[in-house]
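Asker: If you're matching them up, the sequences are chains Z and Y in order. Counting along the first sequence from 1, when you hit position 135 you're at 135 in this note's numbering, and nothing is skipped either side. Counting along the second sequence from 1, when you hit position 193 you're at 193 in this note's numbering, and nothing is skipped either side.
Derived from the structure by calculation, the hints contain no laboratory data. Any given hint might turn out to be false.
Within a straight-line C-alpha distance of at most 27 Å, the following computed DSSO-like cross-link-like pairs (lysine-lysine) qualify [unchecked claim]:
no., chain 1, residue 1, chain 2, residue 2
1, Z, Lys68, Y, Lys252
2, Z, Lys142, Y, Lys229
3, Z, Lys83, Y, Lys147
4, Y, Lys277, Z, Lys37
5, Z, Lys30, Y, Lys227
6, Z, Lys107, Y, Lys235
7, Z, Lys188, Z, Lys168
8, Y, Lys273, Z, Lys30
9, Y, Lys229, Z, Lys37
10, Y, Lys169, Z, Lys30
11, Z, Lys142, Y, Lys279
12, Y, Lys277, Z, Lys83
13, Y, Lys252, Y, Lys279
14, Y, Lys169, Z, Lys37
15, Y, Lys277, Z, Lys68
16, Y, Lys253, Z, Lys30
17, Z, Lys30, Y, Lys235
18, Y, Lys253, Z, Lys87
19, Z, Lys105, Z, Lys83
20, Z, Lys125, Y, Lys229
21, Y, Lys188, Y, Lys235
22, Z, Lys105, Y, Lys191
23, Z, Lys30, Y, Lys191
24, Z, Lys30, Y, Lys284
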Amino acid sequence: MLIRGIRCLQLTEQCSRNYLTLTRFSSAYKSPLSLDKLYPASSGNAKPGTKDVSSEFSGQIPMNELTKTYSCSSGPGGQNVNKVATKVDLRFHVESASWLSPGVKAKVLEKYGSELTKDGWMVVKSDRTRSQTLNQADALEKLRTAIRSALAAPKPKFSAEEEERIRKGKLKAARERLHYKRIRSDVKAQRSGRDQML
Amino acid sequence: RMSGVREKALQYLREVPRLTHGNIRNLPGTRTPKKRGYGQNGKERGWGASARQKLHFGPLGYESGSTPIQRKTAFERSYNYGIHSVRQFPPLSLYQLQLAIDTNRLDVTKPIDMAALCGTGVFFLDPSKNQFGFNLSSDGMDLFKAKVHLEVQWADEQAIAAVERNGGKITTSYYDIHSVIAASDAFKFLKSGQPIPRRLTPPGNLLEYYINPANRGYLADPVMVEKEKEVLAQKYGYSISDKLDDRLLSFKKDPRQIFYGLEPGWIVSVQDKTIYKPKEADVKQIYTT
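Okay, chain Y solo, but in the shape it has when bound:
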């Protein structure tokens, strides 16, 4: 049984006239026309005495024979192409964190997350600049002594080791832009009277990062995270003896939560010191999925 294309081709061969010299032609581009030595290909290239008496222009972009700019310059993207859409994680060094703790800007007896860091008034996140959170960098890892319950948005391996060596706990967690807007200036957000949004799951290329136990991702398997802790301790040469006290460890944040102790959907009135919770089942359902 022949395929349709093959059938068609054979039928074509039956019907088409015999190949002759007049039937065939070269493949496009294999033959270029011979240039004659006058006119456009002559000595003055079409700009001689008699041609100059007439009004005529060269091809578009012609620069009297020198290579035109549209051929000289390459089609390159601008240096910062896509900068408006790139996700930024401005760095927060361990040195800065230690300094903030030593100068009582941060309280080590409470969990440190984006809201706490931005609440110090020393660390800033600008959601309009596509800043999605803090990137804990290892600058100052040798000096870092604090025992913290830390939640950042990105962390490199040495920063994780520095925190865990001192007996602390570190988690990397994703905040979508509206969650960043809420957490980066918590009081401003709460004053606006909006219900607390639920945090969205990380988009495709970030999901891999937050599911990886080596990054202490918030969506990683806790058992694998413990194993990775041991691996890291063996790599950097410390033993995990010190642990956070249970009170600090009891502070747990669900992947949909932005603030500790506050659920998505609640409206917090700071002035009245009340919380308004949704009653309708369909509204509740949105915030609990």
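In isolation and in its complexed conformation, chain Z is listed as follows:
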């Protein structure tokens, strides 16, 4: 009886040999389902992404502009948490960031100016999950959310309807206060006994 491992190796050798010889016979078979017939308009060149408008942020971040550091996460987990570098630290220098348009940069500095490091670097960290890949995705999501929140218009404390109700409420309160004030002053006036017919 052949040992399974050796048989496997034999099979793969045979496989690879035959595969090579067979590919020489490939004749560029094209059925009606081939991609160039299904999508004749697609030449294979995707249009490049549009550049950010001055005051908008599309969400696109050039990955080589971010400084990524990987370290070990904290918390329980024994050998795995001690050895596997799952924590992700993303940094970039805000002032010199070429991928942020000037309008966006100004707003980011306005909102997060006090949260930057002494040298002006924005730091985003994540050790939310057990996987470095997912933590990196989480950190990027945090970064994008931060930038978008800096760009968002400040929400008014009350909506227009609420403002109108508050205004009317104030007027009503004043009216009622004066109404009861007049009643009380009438009462007091009647008690004083002034201008009474004797």
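Fit chain Y to the given chain Z structure using the hints.
Answerer: Just chain Y now, kept in the frame of chain Z:
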């Protein structure tokens, strides 16, 4: 102009006798008959001394007053109802794939598809168990370093990202059960002397999956696939710089092909090292539609 139903109804009203107390009745179920306090509704419920002298049975399934089993148990399907008909895509983790590459079971300089994976002798597909191919799972995505030209039958987003981050190419492709039988044990199939079948198109609910560029479906628009690659790179934070060499990229499989370099309709004799191709036009036509 009145509709037929309305006409009929009005005609009925003309002909029908006047409504009287004797003509009308309650809606079914609104009135239940009053139960009398003897016999079946009496103290012994029909099982008293005099009734016991006679041979009589209760209603079907009667259990002497306790709730019968046909009323106690709910009509539920079995836990694995439909298991014989459900399509299975047994998982193939990135960890297993990396291990197979590191231990030289898989050759990275050649495209890796179902035939190559099953040919390692380490990964198995059983068509009799309704297994339609491999599902590339993201277990081990942090360790995956290989640059592969990969074709699987299902892949989750993180697995796709892991492959593309290393500069590889991944496609999800549908194999109908006869194509799985052919590819899962290629030598056994080729020895059987059958002509290579053409792969069928995915059935209804799977077509959506394989047309979607986010899944890298084999029937998706290549331009959209490139866009989705960029989106995924932005999501997981890598840049697509590394690319597969042209020789590997030149390996292309038509949606009707099972094996690279072999067309449907060919009969491959491994022992004689010959390929028999159909000559008749009508036979050729079947395999090229």
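Asker: Quickly compare the C-alpha distance for Y/Lys253 and Z/Lys87 to 27 Å and report which way the hint goes.
Answerer: Roughly 40 Å separates the two Cα atoms, so the pair is violated.
Asker: Are Y/Lys188 and Y/Lys235 close enough, with their CA atoms no more than 27 Å apart?
Answerer: 43 Å, violated
Asker: Given the hinted pair Z/Lys142 and Y/Lys279, is their Cα-Cα distance within 27 Å?
Answerer: 62 Å, violated
Asker: Holds or violated: are the alpha carbons of Y/Lys169 and Z/Lys37 at most 27 Å from each other?
Answerer: 22 Å, holds
Asker: Between the alpha carbons of Y/Lys277 and Z/Lys83, is the straight-line distance 27 Å or under?
Answerer: Violated, because 57 Å separates the two Cα atoms, which is more than 27 Å.
Asker: For the pair we were handed, Z/Lys30 and Y/Lys235, check the Cα-Cα distance against 27 Å.
Answerer: 35 Å, violated
Asker: Does the alpha-carbon distance linking Y/Lys253 and Z/Lys30 stay inside the 27 Å limit?
Answerer: Distance of about 9 Å is within 27 Å: holds.
Asker: Hey, Y/Lys277 versus Z/Lys68, does the alpha-carbon distance stay inside 27 Å?
Answerer: 56 Å, violated
Asker: Hint check: Z/Lys30 vs Y/Lys284, CA-CA at most 27 Å. Holds or violated?
Answerer: 13 Å, holds
Asker: Below or equal to 27 Å on CA atoms is what counts here, so check Z/Lys68 against Y/Lys252.
Answerer: 36 Å, violated
Asker: Under the criterion that the straight-line Cα-Cα distance not exceed 27 Å, is the pair Z/Lys142, Y/Lys229 satisfied?
Answerer: Given that 27 Å is the threshold and the Cα spacing comes to 21 Å, the pair holds.
Asker: Does Y/Lys169 pair with Z/Lys30 here, judged by a C-alpha cut-off of 27 Å?
Answerer: 21 Å, holds
Figure legend: structure checked against the earlier numbered hints; hints not met, in rising order: 1, 7, 11, 12, 15, 17, 18, 19, 21, 22.
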